[in-house]
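In case you want the letters, here they are:
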Amino acid sequence: MTVSKDPEAPISIDQNLPAETKLTPTESSRSWLSGAGRSLAWAAIYFLGFLVLLTATFLVLRIPPLVGLNSLCVGAFGDAHSGHLPALSDTLIEAAPLLLTGLGVVVAWRAGLFSIGGEGQLLMGALAATMLAKHGKHLSPPLLTALMVTSAMLAGSLWGALAGWLRVKRKVQEVISTIMLNYVAKFVVSWLVLGALQEHTHHNPQSESLSNALLFARLLPREWTGGLQTSLHIGVPLAFMAFPIVWLMLFHTRFGFGLRLVGQNAEAAKTARFPVEKLRVQAMAISGALCGLAGVIELLGGATGSLPAEGFSPGWGYTAVPVALLGGLNPAGTLLSALFFGGLTQGCRNLAQFQSVPTVLIYLVQAMAVLAVVGIRAWNARRTGRETN
Amino acid sequence: MTAIGGAILGTMSLATPLVLAALGETVVQRAGVVNVGLEGMILTGAFVAFVGTEMSVRLHWHLVGYGPNPYVGLIAAALAGVLLAVVFAVFVVKLSANQVVVGVALNLMALGLTGTLLRLLPRAAGGFLNTQALPQVFYSLTILTPMAFLAVPAVWWWLFRTRRGLELRACGEQPVAAESAGVPVLRRRTAAILFGGAMAGLAGGFLSVGDVPTFQEGMSSGRGFIALAIVTSGRWNPWGCLVAALLFGFADRLQIQGQALGIHLPHDLLLAAPYVATLLILAFGTGWSQSPAALGRPYRRA
Numbered sequence: 001m002t003v004s005k006d007p008e009a010p011i012s013i014d015q016n017l018p019a020e021t022k023l024t025p026t027e028s029s030r031s032w033l034s035g036a037g038r039s040l041a042w043a044a045i046y047f048l049g050f051l052v053l054l055t056a057t058f059l060v061l062r063i064p065p066l067v068g069l070n071s072l073c074v075g076a077f078g079d080a081h082s083g084h085l086p087a088l089s090d091t092l093i094e095a096a097p098l099l100l101t102g103l104g105v106v107v108a109w110r111a112g113l114f115s116i117g118g119e120g121q122l123l124m125g126a127l128a129a130t131m132l133a134k135h136g137k138h139l140s141p142p143l144l145t146a147l148m149v150t151s152a153m154l155a156g157s158l159w160g161a162l163a164g165w166l167r168v169k170r171k172v173q174e175v176i177s178t179i180m181l182n183y184v185a186k187f188v189v190s191w192l193v194l195g196a197l198q199e200h201t202h203h204n205p206q207s208e209s210l211s212n213a214l215l216f217a218r219l220l221p222r223e224w225t226g227g228l229q230t231s232l233h234i235g236v237p238l239a240f241m242a243f244p245i246v247w248l249m250l251f252h253t254r255f256g257f258g259l260r261l262v263g264q265n266a267e268a269a270k271t272a273r274f275p276v277e278k279l280r281v282q283a284m285a286i287s288g289a290l291c292g293l294a295g296v297i298e299l300l301g302g303a304t305g306s307l308p309a310e311g312f313s314p315g316w317g318y319t320a321v322p323v324a325l326l327g328g329l330n331p332a333g334t335l336l337s338a339l340f341f342g343g344l345t346q347g348c349r350n351l352a353q354f355q356s357v358p359t360v361l362i363y364l365v366q367a368m369a370v371l372a373v374v375g376i377r378a379w380n381a382r383r384t385g386r387e388t389n
Numbered sequence: 001m002t003a004i005g006g007a008i009l010g011t012m013s014l015a016t017p018l019v020l021a022a023l024g025e026t027v028v029q030r031a032g033v034v035n036v037g038l039e040g041m042i043l044t045g046a047f048v049a050f051v052g053t054e055m056s057v058r059l060h061w062h063l064v065g066y067g068p069n070p071y072v073g074l075i076a077a078a079l080a081g082v083l084l085a086v087v088f089a090v091f092v093v094k095l096s097a098n099q100v101v102v103g104v105a106l107n108l109m110a111l112g113l114t115g116t117l118l119r120l121l122p123r124a125a126g127g128f129l130n131t132q133a134l135p136q137v138f139y140s141l142t143i144l145t146p147m148a149f150l151a152v153p154a155v156w157w158w159l160f161r162t163r164r165g166l167e168l169r170a171c172g173e174q175p176v177a178a179e180s181a182g183v184p185v186l187r188r189r190t191a192a193i194l195f196g197g198a199m200a201g202l203a204g205g206f207l208s209v210g211d212v213p214t215f216q217e218g219m220s221s222g223r224g225f226i227a228l229a230i231v232t233s234g235r236w237n238p239w240g241c242l243v244a245a246l247l248f249g250f251a252d253r254l255q256i257q258g259q260a261l262g263i264h265l266p267h268d269l270l271l272a273a274p275y276v277a278t279l280l281i282l283a284f285g286t287g288w289s290q291s292p293a294a295l296g297r298p299y300r301r302a
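Chain order of the listed sequences is A and Z.
Residue numbering for the first sequence follows this note's numbering, beginning at 1 and increasing consecutively.
Residue numbering for the second sequence follows this note's numbering, beginning at 1 and increasing consecutively.
In case anyone wonders, no lab produced these hints; they're calculated from the structure.
All residues carry an ideal CB built from backbone N, CA and C; glycine is no exception.
Keep in mind that a hint or two might mislead.
Stated by the list, open to error - Sample of chain Z residues at the chain A side, in silico, Cβ under 8 Å:
{"#": "1", "residue": "97"}
{"#": "2", "residue": "115"}
{"#": "3", "residue": "143"}
{"#": "4", "residue": "271"}
{"#": "5", "residue": "272"}
{"#": "6", "residue": "278"}
{"#": "7", "residue": "283"}
Claimed, not checked - Take a look, some chain A residues computed to stay more than 12 Å from chain Z by CB distance:
{"#": "8", "residue": "48"}
{"#": "9", "residue": "85"}
{"#": "10", "residue": "138"}
{"#": "11", "residue": "179"}
{"#": "12", "residue": "185"}
{"#": "13", "residue": "222"}
{"#": "14", "residue": "225"}
{"#": "15", "residue": "238"}
{"#": "16", "residue": "261"}
{"#": "17", "residue": "270"}
{"#": "18", "residue": "310"}
{"#": "19", "residue": "315"}
{"#": "20", "residue": "352"}
{"#": "21", "residue": "366"}
Here chain Z stands alone, though its shape is the one from the complex:
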């Protein structure tokens, strides 16, 4: 493996959770809903993937073998993401509450819930929390990375080349018109939110059983917010998201590489770089014009 190959794989690996979460959020926002609770969903996914992997020891399935099984954890993480998404959807779609406020509340809830449950774990007393990592399927990559990258064309094709995708986009552009054309707007929005939750859960799973098989309090460390920025700077298009996510992954990689080589880079300024880059992209890149017209507005049937 050459150095360049390693760098490419590293970048792809670091971009994986961002691609997963941003793809989910793209679908959600195309349906006209902003989910600021993405950060909380990722954090919950990370926690549940970790716990699920540990708990899978008790399953004793011949099918999955003995010992902690990270795939079980991954499925649990996706389900946990869906569960939080159900809460979000009840408030946002059913009760048409403010989307940003409910999202902020979900973030608080996830931070409190994972932090509290972490202390209740029997092993947490020992201090160090490790678990079984996902097996590497392609060089150093786990199953999630090819999954995330293949999901990009799949989501793009679904959004822009199928009838259902068109209907979903209509819910985000002109919900009133969509409804009168027979599209169940609320149901489509709910479905989009649930999909976004599952993707965010998987992104969280990557954090705790993918790269480094460990869980820390608040380990999502702003990735949900970066994913939100990626969706915006990627113009609500899966391909745009992929490019933006890879840029973020590359910046991350550069910083890790710099540390490993002992190059003296101001660590904190490098950490701030992706956020500054996002601001610059948003301010001087695309502008708001491409956003779904009904983004963030609750819809209620007459």
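Chain A with its partners taken away, still in its complex shape:
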């Protein structure tokens, strides 16, 4: 009989422990592959499972599987004809918001919370930055850009902390509250962008375009790339910097230790006098700050430099959940899976150009990836008779 007995968690979150704990069997001495090798072997199995599902999807859609796979690869990595740099830089750009929102999910999860609120936090971040840009025109551009980034992180963290507060003080399940807050953020954005923040001609459903001085500079000058135009901007390395910071915070600070303890065993953390409730709200705030950062990076690195009333995010905040899950809910894995999903997105875009499939196919492909990993993981836990939790 195995029913998890954590009275703190209304939704069992102990099912998918981080990959490193799950992939190390209890009798590891008998295993012919050790630690990292085993993880790699499992990653290969997950990937094979994913390929099988993908091939099946292609067959159903009447796309020749090899043509489809090739199309995905070309989209993600480029080919000899059009060069690899533009495709690779686009993949990195796609990966950046997924990495940040995915890390947001990881931080919340480590504190025992399942946040699906990345989408709303991201929107609130972009909104705060847009408001600041409208009212801070007299400031010098570099200062204003820095302030916009800060305010976005602040707004995101407040939106996240709200869900955290609702959980610890009012016992509102964060799965529900974050989804509700996503919708509230979405409508607040379209209300403000169609009202107070609309561009001065009032013709387009978007905010005023930001001046070029405010936007993130292009990272690779043409002289370096041999004349190839890449859209890589400063925001991308900024996003990737979050990975070492979150990793250090989680695994090499006292704060991170407390946070992980709360997630693994809230009762024990309480007994050891860790401020469980405070840590949970803080985790949600950090998670929100990461998502807010994703929002402002998309705003300042995007092509138009303005916030549209609708459709600013193609669902990064939701995709973050599978990204973090595939990454084994640890920062390094999330980095890899964000790159994987970024490549998939670019690949699907390329596929949609040449085959009669829409770009929403990406959601189907993502779902396949998640189900492949979840299925194999659960099946393996069952086969070996180990507890999944």
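Since the structure of chain A is provided, determine the placement of chain Z on it from the hints.
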């Protein structure tokens, strides 16, 4: 028909998909399972009801008559909901995977699948997608509305006044005790999930062949999540669900009415109102105390 009568019928109509989906989810959650994939099931139901209605032209049954038959679409929608529920149950019950993660994956899958298949439909090239609507059986109401409202006492009676209902609730409260009392917990949970899938499919069917006979990409637009909130704020009780769903329907109706009368209401803020209301109800209304004790926890036999 007076204005008040019209408003009542309108509210009932808007509440119908919410009542259907929330009733199904109530049974699922009473069995101890959280299905976040409700949104995806509703979307799939809407799509399949639409396609099924169109395809029924080819059936040429004397029984159902010629031409597109929305009832065929409705049955297909329920079956599609069950099919997704089977996928959900395999992962959640059979493999005891995390329920929320599988639910999120189902939502992604439904969004991708319906969007992709929509482009493959022969008529989609023309742009406008319309089909035959369900006939109106009572003033402006289709068969689904009385069905949904009659299902409330039926589900309540089954849950709280029958042996099977008691056993199901036991699976959600104390699965270990239930199992030792001879209740097949996994089978009961699977059955509950399948029922929830069928109800979500019907809710989707209401969206595409009930009110406005058309399908749009992502047309469930968060109704699955609202239904989840309704289950929670309705204290896992069918009657509570009914009240909460009617409140949501009324808020929707108010907003549509306001637009029709030309009253200047901030459109987007009104759209946000139900979500804020849910948060407030959850935060300051009932609290978590009434939830089934084993909600969201996988169960495996020894």
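Structure-based check of each hint:
1. 97: 4 Å, holds
2. 115: The hint holds - residue 115(Z) has a Cβ within 8 Å of chain A, the shortest such distance being about 3 Å.
3. 143: 30 Å, violated
4. 271: For residue 271(Z), the interface hint holds, since the closest Cβ of chain A sits about 5 Å away, which is under 8 Å.
5. 272: 4 Å, holds
6. 278: Since the shortest Cβ distance to chain A is 5 Å, the answer is holds.
7. 283: 4 Å, holds
8. 48: At roughly 18 Å from the nearest Cβ of chain Z, residue 48(A) sits farther out than 12 Å, so the non-interface label holds.
9. 85: 29 Å, holds
10. 138: Nearest chain Z Cβ is 30 Å from residue 138(A), so the label holds.
11. 179: 5 Å, violated
12. 185: Check fails; 9 Å does not lie beyond 12 Å.
13. 222: 37 Å, holds
14. 225: Fine: 34 Å to the nearest Cβ keeps residue 225(A) off the interface.
15. 238: Label holds. Min Cβ-Cβ 28 Å, cutoff 12 Å.
16. 261: 21 Å, holds
17. 270: Per Cβ check, residue 270(A) is outside 12 Å of chain Z; nearest 18 Å; holds.
18. 310: 10 Å, violated
19. 315: Label violated. Min Cβ-Cβ 8 Å, cutoff 12 Å.
20. 352: For residue 352(A), whose nearest Cβ neighbour in chain Z is about 10 Å away, the distance does not exceed 12 Å, so it is violated.
21. 366: 5 Å, violated
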